[in-house]
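Undergrad: One-letter residues, chain by chain:
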Amino acid sequence: MGYSDKVRKMYQEQIKGIQDAGIFKQERLIHSSQAADIEVEYPAGSSLKKVINMCANNYLGLSSHPEVVKAAHEGLDSRGYGMSSVRFICGTQDIHNDLEKKVTEFLGTEDTILFPSCMDANAGVFEAILTDEDVMISDRLVHASIIDGIRLCSAMHDTFKHSNMKHLEKKLILHADKRLKVVITDGVFSMDGDTAKLYEMVELCDKYDAMIFVDDSHSTGFIGKTGRGTHEHCGVFGKIDIITTTFGKALGGASGGCVSGRKELVEMCRQKARPYLFSNTMAPVIVAGVLKVLDILSGSTERRDKLEANTEYWRKGLTEAGFVLQPGDTPIVPVMLFNAKLSQDFSKDLYDEGIYAIGFFFPVVPNGKARIRTQISAGHEIHHLDKALEAFIKVGKKYDILGKTKQEIIEKYGL
Amino acid sequence: MEEMKDAILEYVIEEYVEDEDEVMTYDTPLISGGIVDSFSMVSLKRFLEAKYKISIPDEKASPEAFDTVNKIVELVKEFIG
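Quick note, the sequences are listed as chains H and R, same order. If you use this note's numbering, the first sequence corresponds to residues 73 to 487, in order. If you use this note's numbering, the second sequence corresponds to residues 70 to 150, in order.
One chain only, chain H, in its complex shape (with noise of 0.2 Å):
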């Protein structure tokens, strides 16, 4: 047998290393919809435990929303459950197509194409549009999935220091020999919950003659004054060459993504993005629910507003309570608090106080920069916010942070 005793043992030693350097991922399971109010058994084998969720990327509270539980069953039962195709075969029905112009509309695009997940929109886009001739200047904090796709494709791939337009200006001007130049970033970063400063980045690209990318996954529905990202916050609305974002977040949280951008852009990816071409698109039942999900949004501002309104009562309670937050003005706030087990302390606690918010450190954020990350929905009410407050003021005195600078923090419980 291949897979021998001695392979076995290689695996179980490698899953060891993983548990004693304590960075182990466990899943909790939740046992009810995705919402403010949670049931979630923690850990494994216990009883149910009714907890806040302050740690969703459902930041309009749309994910077990009546309307799209509703258009959703309406998907089903019209469109049937699955495609058993790829698109370009016999997986395209005319939803699919719908959501398309009607994403295009939503963000003032040219043209859009749906992926499995914004993931895969990443994984592809890059390689579909360039070649061994171009160049990639990305942001150093770039997502996971935007590093997976500039690995797969033969173009040169070159950094700039986070959100530092100097050093992308010099980068751009180093790149100038090349054919194509594509400048790479997040709208919003999701662990330091910054925004991109995209207006002086299009303004770059403009100078240098480049094309500007943005995955705004964490933007779609809600940054800007309409909920359209970061280009409609930074004024550079309808100048944006490159979109990717996900219906994975704020619109719905089920599954999938798109690339929207160029008209040539989008119709390349058609043409040869490969999880385009050899998988399957978003099934009907999901197309559905963002059709609605994009109708809610396009008929009021309401939800944003209120997700902005949340965002702003909760990050002055924190910074009255004397935390140290990460600065910014999007609904991730992060809660600094530098060590690594300190984070998983407080994450436990938390817990214990009904208040379901993680911990991350290193590797998932840089060495000293550990932090719970808290994220704000417009589906959480006033009151929701106002227990969380209190636990995270409880958990703080415990741990004798409150109004404690980053260097006080880390001299009492190091890096």
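Just to be clear, a hint being listed does not mean it is correct.
[Said to hold, decoys possible] Below 25 Å or equal to it, Euclidean Cα-Cα: the simulated BS3-like pairs (lysine-lysine) are: (1) Lys250(H) with Lys140(R); (2) Lys129(R) with Lys238(H); (3) Lys122(H) with Lys420(H); (4) Lys78(H) with Lys120(R); (5) Lys74(R) with Lys233(H); (6) Lys121(H) with Lys97(H); (7) Lys344(H) with Lys122(H); (8) Lys250(H) with Lys122(R); (9) Lys250(H) with Lys121(H); (10) Lys269(H) with Lys311(H); (11) Lys242(H) with Lys122(R); (12) Lys233(H) with Lys279(H); (13) Lys120(R) with Lys242(H).
These are computed hints drawn from the structure, not numbers from a lab.
The hints should help you fit chain R onto chain H, whose structure is shown.
TA: Chain R only, in chain H's frame:
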């Protein structure tokens, strides 16, 4: 040679080092020490090629050959001739 070492060290600090307190020497491990990721090596290679008017083949631009300023100097010397 000292001039070349200093020029490369200066570039590395400006290009890659985010923490101003980080002490950098000619022997600080850049790649294996996590200061320069393999993705970001390309700008260092392009800098060397432009500054010293050389062409370093990709197979020679290995993470090992780029791991310290001293090693980079050895590599550059090989191509300057």
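Undergrad: Compare the structure with each hint and give your call.
TA: Hint-by-hint comparison with the structure:
1. Lys250(H) with Lys140(R): Given pair lysine 250(H), lysine 140(R) is violated - Cα atoms ~28 Å apart, limit 25 Å.
2. Lys129(R) with Lys238(H): With a Cα-Cα distance of about 30 Å, the restraint between lysine 129(R) and lysine 238(H) is violated, given a limit of 25 Å.
3. Lys122(H) with Lys420(H): 15 Å, holds
4. Lys78(H) with Lys120(R): 51 Å, violated
5. Lys74(R) with Lys233(H): 23 Å, holds
6. Lys121(H) with Lys97(H): Holds. Lysine 121(H) to lysine 97(H) sits at ~20 Å (cutoff 25 Å).
7. Lys344(H) with Lys122(H): Answer violated: lysine 344(H) to lysine 122(H) is near 47 Å, above 25 Å.
8. Lys250(H) with Lys122(R): Judged against 25 Å, a Cα distance of about 18 Å means the pair holds.
9. Lys250(H) with Lys121(H): Cα-Cα ~57 Å, so violated.
10. Lys269(H) with Lys311(H): 13 Å, holds
11. Lys242(H) with Lys122(R): 19 Å, holds
12. Lys233(H) with Lys279(H): The hint holds at about 19 Å.
13. Lys120(R) with Lys242(H): At roughly 15 Å apart (the allowed maximum being 25 Å), lysine 242(H) and lysine 120(R) satisfy the hint.
Comparing the model with each earlier hint shows violations of hints 1, 2, 4, 7, 9; every other hint is respected.
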